[in-house]
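Student: Chains as they are written, first to last, in the working numbering: chain S, 9 to 269; chain V, 9 to 269.
Hints were generated in silico from the structure; no laboratory data involved. The hints are all genuine.
Since the list gives no way to pick one copy over another, a pair counts as held whenever it fits inside one copy or between any two copies.
Derived BS3-like pairs (lysine-lysine); straight-line CA-CA distance at most 30 Å:
#: 1; residue 1: Lys-245; residue 2: Lys-49
#: 2; residue 1: Lys-80; residue 2: Lys-153
#: 3; residue 1: Lys-268; residue 2: Lys-21
#: 4; residue 1: Lys-94; residue 2: Lys-50
#: 5; residue 1: Lys-49; residue 2: Lys-80
There are 2 protein chains.
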Amino acid sequence: MDYYHMKPQEIRKLISEGKITGPTAGMSGGYAQANLVIIPKKYAYDFLLFTQRNPRSCPILEVGDVGDRYLKTIAPGCDIAKEIPKYRLYEHGELKGEFQDVSDLWREDLVSFLIGCSFSFEADLLEAGVPVRHIEEGCNVPMYKTNIPCAPAGVFHGNMVVSMRPIPYDLIPKAVLITGDMPKVHGAPIHIGAPEVIGITDLLHPDFGDMVTIHEGEVPVFWPCGVTPQNVIMDSKPDFCITHAPGHMLVTDVKNINLKY
Amino acid sequence: MDYYHMKPQEIRKLISEGKITGPTAGMSGGYAQANLVIIPKKYAYDFLLFTQRNPRSCPILEVGDVGDRYLKTIAPGCDIAKEIPKYRLYEHGELKGEFQDVSDLWREDLVSFLIGCSFSFEADLLEAGVPVRHIEEGCNVPMYKTNIPCAPAGVFHGNMVVSMRPIPYDLIPKAVLITGDMPKVHGAPIHIGAPEVIGITDLLHPDFGDMVTIHEGEVPVFWPCGVTPQNVIMDSKPDFCITHAPGHMLVTDVKNINLKY
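So that you can see chain S by itself, here it is in the shape it has in the complex (with noise of 0.2 Å):
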């Protein structure tokens, strides 16, 4: 199946039908993906607040109504305890468990928050002729914990996660000045080089993701990360939270230039 050019209805009825359950990248090319975070209406404040006060991390594209399972802005119609491949839910911050379909377990408190994925500016890189390694080698991308604060919200609290992508040196202010121009997805590196002034001890172990080739000439390059909001949720314990499982992402309606305007 050509996943590339099936538009993001095509590929969400798919996987409401079961038909696709893998991870999402490079479906519906020029469409934004989103990360997945329901939790319950008691924690929604709390944690609108915290991706308010940390938009580099947490880009919000939509934020549903209370107990509405439909959107109504990046994917109209489209029910998001379906049509996403793959489902994680945790309790008390703890995993319990992965589905391909939360429509059981969804509760007329909870409330869907669509955040921004980098996958968006991958695309503008590869045109400009910036590399993204682990497009090339074809696994997950590099995932590290930092030491920055994120500004706390209520209950919500914790450090920044980052994304890495090696870049030539010379490539670099090309790759701020691309990346930068889409805030909504994540937007400008947060960091260039140097690793440890960000709490980065080991590069070539990840705490998430895989480890990429970094070649000679070239410098790790950090972003914000969708997996920040995550991280922070799990560090505070909701004691109920529905995620998408890393890389299985809501391909939304939302063409990646209309992020930039």
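On the provided structure of chain S, position chain V as indicated by the hints.
Tutor: Chain V only, in chain S's frame:
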């Protein structure tokens, strides 16, 4: 007194001492000013969600912690109940009075929202040779209610309010690019020319502020306006709400240039 060259902290000290009681336009040149909405916690989630869904008219610069009178980010240590020259108290949507100090009205359930203001981009327009007519004419900017619906959130709903600046037709692209670079203070215009398209039937009589001269060869250009959230809040009639009085803004410690990045 040379208010233009004073630091924001000095301006706010004079305000808290009752030595400045008038509008803040032109004070602390180069620093951003902000609109204020203070509401009880019971409305805060709906209002924060409203601002998230309507970032063009309601760009949030800071949200205080529940019950906390002191800001942390845009004016660290600022007592939000004393450091604005004039406040308005509304109950159930009705104006109950104006105050120079609202510390006697403060309650443990109040939350402060500070919202970006287009004063910030006007300095850049002038610097680039784009006229700002209400500054030339020494009056308030003309503002209009429109037929552009805001995305509703909980109890909050209503239409966008816009500000209008007449711009010589050949400078409009420059004005779009300059203001589009500053999304945290309303960003690019929402409409150019033809007022009736957005429901403005009497351009000569603005709903708020003062009319300004439109010269031959100039086109009315409309920007999302910080009066939108106040207008929406008044329509939605919360039982208690404090705002700044129009033109009497918070002078923040944030340089305008830092609202671009």
